[in-house]
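**Student:** Sequence:
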Amino acid sequence: MRLSLVTLVFAVGVWQTAADTCDVQGYAKRDGVPDMSGLPKVRVDLIDVGLLYDTTCGTTTADKTGYFHIVCSPTFLRWDAKQELRVYQRFDNGQGCRRMVYKGTNYIGRVEAHGNYPIHNDDESANDDMCPYEIYD
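With mature numbering (1 follows the signal peptide of the UniProt record, and there is no 0) as the guide, the letters of the sequence shown map in order to residues -19 to -1, 1 to 118.
Please note that a few of the clues may not be correct.
To be verified - Cβ-Cβ distance ranges computed for the label pairs, FRET-style:
(1) 32 <-> 108: 16 to 24 Å
(2) 33 <-> 54: 16 to 24 Å
(3) 60 <-> 16: 16 to 24 Å
(4) 54 <-> 76: 29 to 37 Å
(5) 20 <-> 90: 17 to 25 Å
(6) 36 <-> 15: 31 to 39 Å
(7) 108 <-> 84: 26 to 34 Å
(8) 12 <-> 58: 14 to 22 Å
(9) 46 <-> 111: 19 to 27 Å
(10) 118 <-> 88: 34 to 42 Å
(11) 106 <-> 31: 20 to 28 Å
Everything labelled a hint here was simulated from the structure, so no lab data went into it. Quick caveat: nothing in here was measured; it's all calculated off a predicted structure. Each residue gets a CB set at the ideal place from its N, CA and C atoms; glycine is no exception.
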């Protein structure tokens, strides 16, 4: 019995680590804004959604066209494969840091490998230290 349990835990661990690399890329920007020069930079996080807490799989800063690319290894031994893409920005002066959350949409809840993630005004407040202060050139 003990050997069966150890084998099962090992198999799940191997399945979730060896066969599981996340590679997500796309564009995170406001509609109608082809170039974000002069605006604050945009941070993009790929999050592994957990039962008790969420962990960051990978993070990057989008370039001034909004393009981002994240390659990361998901959290070891997580319950399922659900993910979120979180986009942080401070475009609207005086409102502080804002966050858009895009939940994974494929059959197991992962974020699609390629996509466009528009930044809307219906976002939510975020911790101020999550948004970059740097400005695009």
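**Student:** Determine for every hint whether it applies to the structure shown.
**Tutor:** Now for the hints, and whether the structure bears them out:
no., hint, in the structure
1, 32 <-> 108: 16 to 24 Å, "holds, 22 Å"
2, 33 <-> 54: 16 to 24 Å, "holds, 20 Å"
3, 60 <-> 16: 16 to 24 Å, "violated, 41 Å"
4, 54 <-> 76: 29 to 37 Å, "holds, 34 Å"
5, 20 <-> 90: 17 to 25 Å, "violated, 31 Å"
6, 36 <-> 15: 31 to 39 Å, "holds, 34 Å"
7, 108 <-> 84: 26 to 34 Å, "violated, 20 Å"
8, 12 <-> 58: 14 to 22 Å, "violated, 39 Å"
9, 46 <-> 111: 19 to 27 Å, "holds, 22 Å"
10, 118 <-> 88: 34 to 42 Å, "holds, 40 Å"
11, 106 <-> 31: 20 to 28 Å, "holds, 22 Å"
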